[in-house]
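Student: Given chain A, work out where chain B should sit, using these hints.
For reference, the chains in residue letters:
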Amino acid sequence: MGEEELKVLGAWGSPFSRRVEIALELKGVPFQYIEENVFDEKLKSPLLLKCNPVHRKVPVLLHDGKPVVESLIILEYIDETWKNNPILPPDPHRRAQARFWAHFIDHKCMPPVWTALLGSVEEREKAVEEVRECLKTLEGVLDGNRFFGGETIGLVDIAANFIAYWLRAIQEVSGLDFMNEDQLPLLTKWCEEFVSCNVVKEHLPPRDKLITFMKNWLSANGWSWTD
Amino acid sequence: MADEVVLLDFWASMFGIRVRIALAEKGIKYEYREEDLRNKSSLLLQMNPVHKKIPVLIHNDKPICESNVQVQYIDEVWHDTAPLLPSDPYQKANARLWADFVDKKTKGEEQARAKKEFMESLKLLEGELGDKAYFGGENLGYMDIALVSYYCWFHVYEKFGDFSIEAECPKLIAWAKRCMQKENVANSVPDQQKVYEFALHLKKIFGIE
Chain A
0 MGEEELKVLG AWGSPFSRRV EIALELKGVP FQYIEENVFD EKLKSPLLLK
50 CNPVHRKVPV LLHDGKPVVE SLIILEYIDE TWKNNPILPP DPHRRAQARF
100 WAHFIDHKCM PPVWTALLGS VEEREKAVEE VRECLKTLEG VLDGNRFFGG
150 ETIGLVDIAA NFIAYWLRAI QEVSGLDFMN EDQLPLLTKW CEEFVSCNVV
200 KEHLPPRDKL ITFMKNWLSA NGWSWTD
Chain B
0 MADEVVLLDF WASMFGIRVR IALAEKGIKY EYREEDLRNK SSLLLQMNPV
50 HKKIPVLIHN DKPICESNVQ VQYIDEVWHD TAPLLPSDPY QKANARLWAD
100 FVDKKTKGEE QARAKKEFME SLKLLEGELG DKAYFGGENL GYMDIALVSY
150 YCWFHVYEKF GDFSIEAECP KLIAWAKRCM QKENVANSVP DQQKVYEFAL
200 HLKKIFGIE
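Those protein sequence lines, which keep their order, are chains A and B. Every letter in the first sequence is one number past the one before it in numbering that gives the first Met the number 0, and letter 84, counting from 1, is 83. Every letter in the second sequence is one number past the one before it in numbering that gives the first Met the number 0, and letter 132, counting from 1, is 131.
Source of the hints: derived by calculation from the structure; they are not laboratory data. Check before you lean on any hint, since a few could be wrong.
[Stated by the list, open to error] DMTMM-like mimics (lysine to aspartate or glutamate), calculated; alpha carbons at most 20 Å apart, straight line:
(1) A/K107 x B/D102
(2) B/K203 x B/E157
(3) B/K103 x A/D142
So that you can see chain B by itself, here it is in the shape it has in the complex:
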């Protein structure tokens, strides 16, 4: 049966990045469709009526929403190559926990308090990484995908918040650069400078300080 996979996405979305990486890791051919978030397509609204957000993964006309749900789905359907989640239930639970943690802790909030919390969270993540090459061990896994999707936005946070992540969490930045050396990741992640310019643009429009 021919698989038809479509991804409704937005180039700078960290959630979209996760799905792109997962699809690339599995070697899945798919159609990428860029959404204009100010003018969402009827397909997007139809496929994600609850949240009306990207990314939306459409597999043989069936929609799957929420990036972490999508990555798990991809892992379960295309289970023969490049496992993203460990097979051991305890390790799987751990990967899920840290991926959840990333989402909870890296949401944009008020500046100063957010900066301190953000750095504390990154330090915790650095601790979890330890001496491993990747959170997933020898290879890229679920947790790596969840966090590296934010990497292109780190530069934005640094510039806006006037601090250096590399100075405080060198191991984490080393990990991020290691991930970026992988073709599947580099191709799925937009250029940091482009993202920064986009953020500046948003800041101007919304008058965010």
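Next comes chain A alone, as it looks inside the complex:
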């Protein structure tokens, strides 16, 4: 097979963008990474605007010039195109479960984190509680396994990268207590295992840079650090 042209348009701080990198690393597929400025519309590259005209967001995977967007969709595309080190199990029911939990992470776990940070004080408490409930559910899903994917990382683990790394940074910066280690021993252990994986650790944003960024972002959005 000849050299295929593979590009990833991403952003250093985006968990969605990093998911794609992890998946390609897992498959051992080389790619060219292009950093996009996602905060300034005027600075978005013509390539990004051409490939993802509807949403204008990263990540975008460009495979031989054809764009694939939305991180979870990209992960499935990668899994279907490169068959080694599968991200999804072969059994249809287990695949359905993996898709369900990945969807759960994006649509149930993440939105209340933003509400907790950007919403009113009243909304904040409810949102933090919602996140805690989601994490408790995920603790149950792990069910004593090393990873959500079993012995090796799979779709759900990659989707949960936000929880393993970003959430903990957000926790540190905001002082909000989303994840209690004593109450979530399995999930806490999973976080450690996940970020230590060879295919993951190169694809996490530098911690100091992320913390600084989050502090600035919170300040800009009217966050006040009380007590």
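Tutor: Frame of chain A; chain B shown alone:
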């Protein structure tokens, strides 16, 4: 091995409609169980403890939740007939993207802003359809199923929002009518008038304006 398939559903649910169409396309015999959403069955609560919502597909006692996940599951298990997703990974990704788009864009929100956004989204979808008979090409596919499930609610949006979808997006309505001519779709979709009456009823109960 005899397959036992049960669908816990609610007659007006667009998500349920998708699963019904998918099962019909594949010719799968199943038991349909209507749920009273104000008095959910213990089976529903047991099978979907996370969201406690319909539809829930139960295949040989194993539950599958989330309509798009269910349709993909059906496509993978009964892969010998009527493929719903294309086999090419790139086209598959495209179908998934547009099905996701439908769900993101057609959620009920505040009226006026929602109307404008809703019409813009429909125009985008019309563009994606192009000159094809169906989003899936020659035959009904994953994306068609995702969108046609909302069709019976279009009438509701039109009446409540006082606008005509057909006037702005004639090709899309033509597509919807084409889908409705298929027996599997027509049998899975509730009558538009019935849905409208149901929506009026909800509006009265919840005082939605």
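Student: Now tell me if each hint is right for this structure.
Tutor: Against the structure, the hints come out as follows:
1. Between A/K107 and B/D102 the CA atoms are separated by roughly 15 Å; this keeps the pair inside 20 Å, and the hint holds.
2. About 18 Å separates the Cα atoms of B/K203 and B/E157, which keeps this hinted pair within 20 Å; it holds.
3. For the suggested pair B/K103 and A/D142, the alpha carbons sit about 31 Å apart, so the restraint of at most 20 Å is broken.
Hint violations for this structure: number 3 only, all remaining hints satisfied.
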